[in-house]
Amino acid sequence: MRYVVVILFLLGATATLSAATLRVGKGGNYPTITAAIKAARAGDTVWVSAGTYREKNIIVDKKLVLKGAGYPVLDGEKKYEVISIKADGVVVDGFRVVHSGVSSINDMGGIKIYDSRDVVIRNNILEDTFFGIYTQYGKNCTIENNRLTAYATEEQQSGNGIHCWKSDSMHIIGNTVSGHRDGIYFEFVTNSIIRRNTSFKNIRYGLHFMFSHNDTYFSNHFERNGAGVAVMYSHGVKMYQNTFEQNWGDAAYGLLLKEISDSHIEGNSFVKNTSGIYLEGASRIRMAKNLFRNNGWGLKIQASCMDIEVARNNFIGNTFDVGTNGSLVLNTFNGNYWDKYDGYDLNKDQVGDVPYRPVSMYSMIVEKNPPAMLLFRSFITSLLDKTEKVFPSLTPEGLKDTKPMMKKLF
Amino acid sequence: MKKIIKYVMADILRNRIVLVYLFFLLVASFSVFSLEDNSSKGLLSLLNIVLLVVPLISIIFSTIYVYNSAEFIELLVSQPLKRRTIWISLFVGLAGSLSIAFFVGVGIPVLLYEANLTGIMMIGVGLLLSVIFVAIAMLAAVWTRDKAKGIGVAIMLWVYFSILFDGLVLFLLFQLADYPLEKAMVGISALNPIDLSRILILLQLDVSAMMGYTGAIFKDFFGTASGMVISLSVLLVWILLPVWLSVRNFNRKDL
Numbered sequence: 001m002r003y004v005v006v007i008l009f010l011l012g013a014t015a016t017l018s019a020a021t022l023r024v025g026k027g028g029n030y031p032t033i034t035a036a037i038k039a040a041r042a043g044d045t046v047w048v049s050a051g052t053y054r055e056k057n058i059i060v061d062k063k064l065v066l067k068g069a070g071y072p073v074l075d076g077e078k079k080y081e082v083i084s085i086k087a088d089g090v091v092v093d094g095f096r097v098v099h100s101g102v103s104s105i106n107d108m109g110g111i112k113i114y115d116s117r118d119v120v121i122r123n124n125i126l127e128d129t130f131f132g133i134y135t136q137y138g139k140n141c142t143i144e145n146n147r148l149t150a151y152a153t154e155e156q157q158s159g160n161g162i163h164c165w166k167s168d169s170m171h172i173i174g175n176t177v178s179g180h181r182d183g184i185y186f187e188f189v190t191n192s193i194i195r196r197n198t199s200f201k202n203i204r205y206g207l208h209f210m211f212s213h214n215d216t217y218f219s220n221h222f223e224r225n226g227a228g229v230a231v232m233y234s235h236g237v238k239m240y241q242n243t244f245e246q247n248w249g250d251a252a253y254g255l256l257l258k259e260i261s262d263s264h265i266e267g268n269s270f271v272k273n274t275s276g277i278y279l280e281g282a283s284r285i286r287m288a289k290n291l292f293r294n295n296g297w298g299l300k301i302q303a304s305c306m307d308i309e310v311a312r313n314n315f316i317g318n319t320f321d322v323g324t325n326g327s328l329v330l331n332t333f334n335g336n337y338w339d340k341y342d343g344y345d346l347n348k349d350q351v352g353d354v355p356y357r358p359v360s361m362y363s364m365i366v367e368k369n370p371p372a373m374l375l376f377r378s379f380i381t382s383l384l385d386k387t388e389k390v391f392p393s394l395t396p397e398g399l400k401d402t403k404p405m406m407k408k409l410f
Numbered sequence: 001m002k003k004i005i006k007y008v009m010a011d012i013l014r015n016r017i018v019l020v021y022l023f024f025l026l027v028a029s030f031s032v033f034s035l036e037d038n039s040s041k042g043l044l045s046l047l048n049i050v051l052l053v054v055p056l057i058s059i060i061f062s063t064i065y066v067y068n069s070a071e072f073i074e075l076l077v078s079q080p081l082k083r084r085t086i087w088i089s090l091f092v093g094l095a096g097s098l099s100i101a102f103f104v105g106v107g108i109p110v111l112l113y114e115a116n117l118t119g120i121m122m123i124g125v126g127l128l129l130s131v132i133f134v135a136i137a138m139l140a141a142v143w144t145r146d147k148a149k150g151i152g153v154a155i156m157l158w159v160y161f162s163i164l165f166d167g168l169v170l171f172l173l174f175q176l177a178d179y180p181l182e183k184a185m186v187g188i189s190a191l192n193p194i195d196l197s198r199i200l201i202l203l204q205l206d207v208s209a210m211m212g213y214t215g216a217i218f219k220d221f222f223g224t225a226s227g228m229v230i231s232l233s234v235l236l237v238w239i240l241l242p243v244w245l246s247v248r249n250f251n252r253k254d255l
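Protein chains in written order, with the working numbering: chain A, 1 to 410; chain B, 1 to 255.
So here's chain A without its partners, still in its complex pose (with noise of 0.2 Å):
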């Protein structure tokens, strides 16, 4: 009796585990999408041979794996959303997805995620779309190895890419954005993860955070967007190992800081930016392990700033290594390497015995007067910069390094 009980159980759970694969397109059962999804049971897998899917809107309301073999084309006529999930657990993988409507009312997405956890979207192509990839109160859901491109001009006419609203431990990996108004965009979205991501020419932000703590994003790419990377209003970010390379114009910042507390910025590169961080009202952030290479100025950091710790960056090659705005200083410089330090070591500890004042008075005039950039490396705007090193009265006495190191840091 107990072999019985036992060997029903075990069918039954066979029953249930065997999902079903329904085959859409040639040689399958299923002309287009929407048909096999209604056939479908929760848990059974859709299989989408190769081929141009013209399905207006396709809702995906049951636990489904999509699986598009050979990159099946899902075209929304610039008029539909393409893929619209109302389900949690739901699998989206190597469809290509392009031309959504765009409209000005719905944030009409490639693939957009309603109210779901649980849910993968991974190895998907999108052109042309206006939202790429959409969640609003998303869950738990993967974003992975998905490659979108757009062609907006405009940043009134355009969607971000990878879009996440009210969402929650999100992870959003190894993607490739390019063209869009945001590259990845986090409005109200907490405990997520975004790494390995390539955003390159986006017309508004490479990464745009709103309202979102306690994300982490790491070892990403991001390189000449129209103004670089913001994180506003937000606490408890981490930014560990990111490039954000050739962000250049008046309002590009590699990266800027807005009202931000409680972060962590490490291992970071800073590359050819006309500024490489712009901080303002930002409190209790560290900075260390950064490279400030080749930038217009390394770092800006207004005086509305408090408890930044700047520690052990290097800072190479930089027009100006910081500048601020006022002569408030409330944060803190220490055992950076600069390479415009000329002070000595005579204890031969590696470390510099004169303090090193990062702002130069140059950068002070410029910042109150920009066509004065023109004058810059003259004759006489060298020797206001020395007259100023020996008598601080225009730069911020409290703005100094007092421990900078004689020897680059890594």
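Since the hints were derived computationally from the structure, they do not count as laboratory data.
Note that this is a predicted model, so its numbers are computed, not measured.
Check before you lean on any hint, since a few could be wrong.
Lysine-lysine pairs mimicking DSS-like chemistry, simulated, CA-CA at most 25 Å apart [claimed, not checked]: (1) Lys-258(A) to Lys-400(A); (2) Lys-289(A) to Lys-219(B); (3) Lys-219(B) to Lys-368(A); (4) Lys-400(A) to Lys-41(B); (5) Lys-219(B) to Lys-201(A).
Stretch by stretch, here's where chain A covers chain B in the computed footprint (C-beta under 8 Å, at least three residues) [unchecked claim]: (6) 74-82; (7) 111-123; (8) 156-166.
Idealized CB from N, CA, C, for every residue including glycine.
Using the hints provided, position chain B relative to the given structure of chain A.
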């Protein structure tokens, strides 16, 4: 004409001053590159030499040389030669020998350590500055017969171009800070060959900082191919105009 140029150049190269100048540039360049830990910083230090020392030596040496060869010039004028030819040969001889000295002294070390666009730009600008200040010196020398006065004028011109001008511009910038001066600044910079040269190099060295809003205007002008051509032609005007004026003056001069 060729003969006179050859003679002038041989005379100058036999003169130890130019050899000392060459040697000084060579030592300065090599030491700058070997002292700094990265060679782009060395280029930055060299920038000061190019912008200050090269014009100074060019203008003073040329003025003195022209005064010292007054008798030689008188001798040549008595020959069946056009005055124009004599004067231009003198100019070419001076400009040629100082340019060679600059090229050997700065050009070769730069090509060895920093053979990139910035380095090549610096060599080009340095050569142009050498020639421009020879031209200005010849204009200063033809104006007055008095040697002391002539050298004084030459020094004052150098002080004006390398120090006073920038001070004046800075002063104006602050007085007129409320007005949009970006475009005017582009025009003003054309009034000083040293400034123009400095900006051309600046656009290579500090491109990130120059890309700010106002910088974008400068970059749009100086950074583009047409802007570059315009800047270089302005520098050429800085050679041709003083030479033309001094030739005219020399033609009419009572020796």
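We went through each hint and held it up to the structure:
no., hint, in the structure
1, Lys-258(A) to Lys-400(A), "23 Å, holds"
2, Lys-289(A) to Lys-219(B), "32 Å, violated"
3, Lys-219(B) to Lys-368(A), "20 Å, holds"
4, Lys-400(A) to Lys-41(B), "22 Å, holds"
5, Lys-219(B) to Lys-201(A), "20 Å, holds"
6, 74-82, "violated (count 0)"
7, 111-123, "violated (count 0)"
8, 156-166, "holds (count 3)"
Of the numbered hints listed earlier, those contradicted by the structure are 2, 6, 7.
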